[in-house]
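Participant: Starting from the known structure of chain A, arrange chain B on it as the hints suggest.
Number of protein chains: 2
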Amino acid sequence: MLTTRFAILTLIFALITVNLFSQLNNIYSIVPKPFSLNTNGERFAITNQLRVSVTGHPDHRIYANASRFVRRMAERTGIFLDEQGFVTAKDTNSASSVLIVIKRPGKLQLREDESYFIQINSKQVQVRAETDLGAMHALETLMQLVSADSSGYYLPGLTINDKPRFTWRGLLLDPALHFLPVNVIKRTLDGMAAVKLNVLHLTLCNDQGFRFESKIFPRLQQLASDGNFYTQEQIKDIVNYASERGIRVVPEVVVPAHTTAILVAYPELATLKKEYTLQRYFGVFDPVLDPTNEKVYTFLSKLFTEVAGLFPDQVFHIGGDENTGKDWNNSRQIRTYMRANGIDSAAALQTLFNKKILPVITKNKKTMMGWDEIFQPGLPEDVIIQSWRGKQAFYESVKAGHDAVLSNGYYIDLIQPASYHYLNDPQPDDADISAKQAQHILGGEATMWGEHVTPETVDSRIWPRTAAIAERLWSEKDVRDVDDMYRRLDIVSLQLEQLGLCHLSFKNTMLRRLCNGYDTRALQALVDVIEPLKIYERNQGDTMYTIFSPYTKLADVATPDQAVPRIFTKQVDDFLQTGDSTLETEIKQQLLKWQNNHIAFLTLLRNSPVLQEAEPLSLHLSEIAATALEAIDLIQRHETAGKQWVQQKEMLLETAKEQGGRCELQVVAPIQKLVNAVSGDAETSSTESTWLVSTRQ
Amino acid sequence: MLTTRFAILTLIFALITVNLFSQLNNIYSIVPKPFSLNTNGERFAITNQLRVSVTGHPDHRIYANASRFVRRMAERTGIFLDEQGFVTAKDTNSASSVLIVIKRPGKLQLREDESYFIQINSKQVQVRAETDLGAMHALETLMQLVSADSSGYYLPGLTINDKPRFTWRGLLLDPALHFLPVNVIKRTLDGMAAVKLNVLHLTLCNDQGFRFESKIFPRLQQLASDGNFYTQEQIKDIVNYASERGIRVVPEVVVPAHTTAILVAYPELATLKKEYTLQRYFGVFDPVLDPTNEKVYTFLSKLFTEVAGLFPDQVFHIGGDENTGKDWNNSRQIRTYMRANGIDSAAALQTLFNKKILPVITKNKKTMMGWDEIFQPGLPEDVIIQSWRGKQAFYESVKAGHDAVLSNGYYIDLIQPASYHYLNDPQPDDADISAKQAQHILGGEATMWGEHVTPETVDSRIWPRTAAIAERLWSEKDVRDVDDMYRRLDIVSLQLEQLGLCHLSFKNTMLRRLCNGYDTRALQALVDVIEPLKIYERNQGDTMYTIFSPYTKLADVATPDQAVPRIFTKQVDDFLQTGDSTLETEIKQQLLKWQNNHIAFLTLLRNSPVLQEAEPLSLHLSEIAATALEAIDLIQRHETAGKQWVQQKEMLLETAKEQGGRCELQVVAPIQKLVNAVSGDAETSSTESTWLVSTRQ
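Chain order of the listed sequences is A and B.
Heads up, the first sequence is in the UniProt record's numbering, so the first residue is 1 and it goes up one at a time.
Heads up, the second sequence is in the UniProt record's numbering, so the first residue is 1 and it goes up one at a time.
What the hints contain is simulated information worked out from the structure, not anything from laboratory work.
A couple of the hints might just be wrong.
No copy labels: a pair is met if it fits in one copy or bridges any two.
In silico lysine-lysine, DSBU-like type, Cα no more than 30 Å apart, as pairs [to be verified]:
| # | residue 1 | residue 2 |
| --- | --- | --- |
| 1 | K215 | K236 |
| 2 | K215 | K657 |
| 3 | K657 | K295 |
| 4 | K356 | K163 |
| 5 | K273 | K90 |
| 6 | K355 | K274 |
So here's chain A without its partners, still in its complex pose (with noise of 0.2 Å):
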């Protein structure tokens, strides 16, 4: 009856989903992992008579802290907890059910005391810190522990000691390019706290545009902005907003290159005198201040006192990177300059002009920080170096005594997997510096470059992928289990999306505006074993963004590290090592629908043009899939392939690895090592497992 069989198969679904779910309640689910945690077998049960208090001596950024994470559990589990509206000072009953106990203000500095520990038995969860910085890490890792079973919610039994790694976890925010309006900045920084990330560096201006709102030179904004520009007032939002949440805001002016906005402004502190208009394309470009003329400096000292005055933290950034020195040397005057002052490289002109704003930088008792180009022989060493060339420039600097924050293997706008990014450490064994060097390693920082990014996609290229990240900086160095980390940042990928971030939720919507329609089921079977181009294939060949393109498009719906292809490729390793027969099921039930899939885009494509450029790629799946298939039925048959065939099948496989939509398909790999397993080759043979083997006997 169909109804038997309908009952039987919700009864299949419901074991895989309580599974499914038992993980989803596993306390080990923490990111970043904790320094240490042990169980108790007792359990907090959260009720409506939960109620934080706070004592010691904290900063009074706690308070308003401790009211969100009343509200947050409430939203959480829907249990109305409104007889606590906010924790206030008046809160200091030991007694209560959460009770935050702490030592002293915490400052937003470097190397600032972030530990904390935290004890739930079923009468009490205490947290217990040094600084309020510390507790309020301790409030996210309570958020994460909340979990439920039919008895109720509750908070598992435990003791964590936890401190991180690093002390500098941050995460560059690129309004420059494309420009981010303050509530998406804002809950960037709800999810950076949540994951305990506490900088946030700021790009202020690029050469596409100067984004902030300076008294002194109107004609920043007033000319080189398009109107896309931060007030001062929004500026003291962020900054706060940050601040209550245990965040370093560290801005960026990048002198001397990057620096076309400045000179659609104020042309006669160019090197090369003309008139610019804001570059519209992305890359890097010739403009450059003229580091020969006082005049820049005078700029530069008013400029950068201003936007110190509203950026309270100790690192000024005045980024120093990718300049072509190019108007430099077609410059008569600078290269007379130089002649008469022993100067031999652009290099060394650029130190010169970094020795000469560091001043105004110390003037205004802020440290200064720059990219790796700026690391030469001559700059103090106490200018911080965010290294993004690579390792071997990063130890150099701390070898030379520079404090140093890594970004390089962080650049998580190159739409690289989260694994790549995890195992990516500061301070690896094999790095060739001294215990004391290592002291001058601040930690690191993922970048989120504004190339091609916007307020709708952005959240997708940071999370989850950024969390892998913040456990790398957070978390002990041998903390490395690229599968576990992957089961927990399914977890934190929800947690995050209930803060507002829409890396899950964009999705649909731009798949419904490419179909033009409600059911797209068709595009998103294709897009989940997509990704976009990586590292800086994106942005070449015919396709050459501006700051006005669309990124509406299947680049832009596609997003990286895909679960689906990583998921399918163990599937396919782990059949042709074992030969399970379920996964064989599974694995072609996967091929059937990849398959068939094309048809139904094509439905799709006749209403979308904006789909022809996935065309291909959709074919190419129904092709590759239907060549797996083949595969495995001569696997299941005992046989090897012709040689015709694998010669078809390879140039198949090879056709389906070409862009389409500036995206590539993600399961050609798996599918090559099907055809391997059939193609009785010598080479690949011998690499195959002795169940394949066998099964050709």
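Facilitator: This is chain B only, laid out in the frame that chain A set:
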């Protein structure tokens, strides 16, 4: 073979999809429906050669608007229109592919000309309008007309003449009850512009909080806002954003009741002298200003003048609703005053109060507006009345010479279907008013009162239903086809989403939170057939909300005006009329899904206690679905049911009407019809279809 079956199913799916897509490209999908539309069979191809020019004498706002039009066109079609970054006053080429001709700058005021003419042929898209306001409406119409087929994107050849029926087409947003950040206001304004709404009514305060930064009376935001208020810079930003889209912003500072927030800051202005704290509940409360205290008028004079300075609109709303009169009646001083001045009721005293604040408004060159409680004898004619309590009061105020805006019947917070609001006409044929009096009907306003909405859910309560109200207020009176309205509403809903509105995308996020996982199907199936309690039922019983309550539960993921019950009801009606076997199959498939859903729901429940309140709904859905299947079975076998069966099922159906989690099942009525059809009751069988009766012969 599995493959063939899949292929056939896919083909069937494809055919259904094609049918759906032809509907989506129907040129008669504009909301609001234009005054007249005539096709000419041509088409204008949208290519990367698209350029927009503007001639005539427009207000500057057309340029930013036209620039956004180009960007939106690029995002919609994926075509790179980067060559035209901005439309500027230099773009005046009358041979441009898109030409906008504007006679004169439009003023953001009542009764301004908002008409437009569109002509589309293969060579050019021409927009002609008296004002830029009309031209901007035309651009929104053009965005809705974007069509596509395999040859590419195009605009269908046609001419449109269009103009609004009413001049006041408003939406009230209420950040007083639940604060709404600036980005929520802005995306709402984008949605309003898309459906040609032109007034945003903003409530700046209520008992729960004061949401406006006063520099004259800073205690207001310091003591009475919980930190949630708009700075003056933000107000200017909102007003400017609206103005750029042809939308007027009408501020409301409600007096003399609903003033708890003001009295928290300035208790000396109260009737009842005591200390006030912010009201945390929702409802009608007693705190009220003292109309006999001159200080009140001094205060309001300064405050109103400050607010008026930031809101350039002609109209200033002073609220005036829901004054219980209790504190007045309990005040000996006021009773004495009333006796001494011959004032015999609270309403009369409030009229005196209104007359005393009117000069403040008029000295600021504004027109006063208030809710219909202020429509009392003695109220000057030049006060605009906003009617919410009924049509009678509405027509009375119109007859008395007041300009009037209708909100009764447009209370979108009451969770009624779009059809209800759509058929609610400000000037129906049976309205007992003359043509001259009818000139006082300015139009209408949808009200999004903030009791039960948050930034996460507010879009789903406004959209897409408010688009139906927008049509009621713009299009001609005889445009009343409900089915066609719903068809077009489905399409417009997708377009609204593309503007950043979250009414569709919020749901999956909330489902995932409630399920604490990725698989939400069982909950979605239930949510598809429930709606939050309507009218004022939600905030009753054992669930009294405060501003601290979580809005992340069943009644928040559930949305008004569900499509699945509506479609199912129609299917059942049609089936009972015709006995069509395809319908029968579809209905049974749906019923089987509902019947079997409860098992999967129970699995979700095991780890999501927050869903316990939904369990009865899920169980009842399963039970009445089983009931309906039994009824259809009886119909198939040409039998009537036994008396006991009928009694049993009537009880089941009655129970199934009960609320769960402040929601109700919406499929009880159609299933009741199926039970009636086999109940053999003489009364019901008289209304049966010939087909049904014939089945039993």
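Participant: Going through the numbered hints above, which ones does this structure break? Give me the numbers in ascending order.
Facilitator: 2, 3, 4
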